[in-house]
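Engineer: The primary structure of each chain is shown beneath.
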Amino acid sequence: MNALPDITRFEAGGDALRAAVAGLSAEEMLAFPVPGTWSIHQIVVHMADSDAIGIHRMKRIVAEENPLLIGYDESKFTAGLFYEAQSAEAALTLFDLNRKEFAKVLRRLPAEAFGRVGCHNERGLIKLGETVDHYAEHLEHHLRFVYEKRKKLGR
Amino acid sequence: MENELIQRYEAGATALRDALAGLSREELLAFPIPGTWSIQQIAIHLADTETVFAARMKWVIAEDEPPLQAMDENRWTAGLAYEQQSAADAAELVRLTRKQMVSVLRALPEAALQRAGTHTVAGRKTLKELVEKAVDHQDHHLKFLLEKRKKLGK
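For the protein sequence lines, the chains are A and B, in the order given.
Throughout the first sequence, residue numbering follows our numbering, covering 1 to 155 in sequence.
Throughout the second sequence, residue numbering follows our numbering, covering 156 to 309 in sequence.
Check before you lean on any hint, since a few could be wrong.
What the hints assert, rightly or not - Which chain B residues face chain A? A few, computed with CB under 8 Å, are given here:
no.	residue
1	R172
2	L175
3	T206
4	V207
5	I216
6	R230
Claimed, not checked - Only pairs whose alpha carbons sit at most 25 Å apart, straight line, appear in this in silico PhoX-like list of lysine-lysine:
no.	chain 1	residue 1	chain 2	residue 2
7	A	K76	B	K254
8	B	K283	B	K298
9	B	K298	B	K309
10	B	K280	B	K254
11	B	K288	B	K254
12	B	K298	B	K254
13	A	K127	A	K104
14	A	K100	B	K254
15	A	K76	B	K283
16	B	K280	A	K76
17	A	K127	A	K100
18	B	K254	B	K283
To be verified - Listed next, the stretches of chain B that the computed footprint assigns to chain A, with coverage defined by at least 3 CB atoms under 8 Å from CB atoms of chain A:
no.	segment
19	240-253
20	259-270
21	276-286
None of these hints come from the bench; they were simulated from the model.
Where a beta carbon is used, it is the ideal one built from N, C-alpha and C, also for glycine.
Could you put the whole structure together from the sequences, leaning on the hints where they help?
Structural biologist: Next comes the structure, spelled out in structure tokens:
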């Protein structure tokens, strides 16, 4: 038996991310309230980048047979992709639309599809269902840091 | 950097949105040229490929000589409920994906266009070739999209 993922939780991520940064100025988004860790802006762009790759992986698992899934180095992406030059607003909408559209795909799948697998070059075999939940958790993990940084900013 | 290629890539950000203007859901889902994709399928395909193309560019910019994976477009079109998705959202995903990539490309020095990765089918590809591919691929599909619009009398 494969446990079914919580598609509603995954889909609600776009609204949760937007709510977490509501009312922050560009200066507050770009600040480093917890030294040595990412700015809120970096987290928002990271979420859009990470989900673009994550949803792409899940589409491979749904559409292809036992596809290879290649890991990426999030520190190199954050350091090398000029996150401060990218738009947080565009990242929020990309994140939200990608999840909402992919949730429609997930809802059309039969239960057994969530046991489909891909082979990640660093983590081995991963199932579709657990990957949906993994990305829901990935956002929640980062949201905790966003709220901690907001607190430090007095917001 | 600033050059003609980035300008073409940026100019195409709203091309899908413009090409879909005024089409009803029935027209999007119709097959005006039998045996070929609907306009809806082209729109969702363009959003899927734009995400893949941008991810490949990011890999090549951020990592050294990364592997780049091919995708099986026919399997994606057949297996990912393309008729259930929103063509308008697809056009917005294309627009925003290009907007973000343009910001990254403009922040890079010209020499970065020679950074490269190895595609599992097509071999070694430079950043310049990856941007050209994104531009040409969308232009190619939009020609068919406009031909289908014409058949629909739109």
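Engineer: Kindly indicate which numbered hints from before are broken by the structure, ordering the numbers from low to high.
Structural biologist: Hints 1, 2, 21 are the ones this structure does not satisfy, whereas the remaining hints hold.
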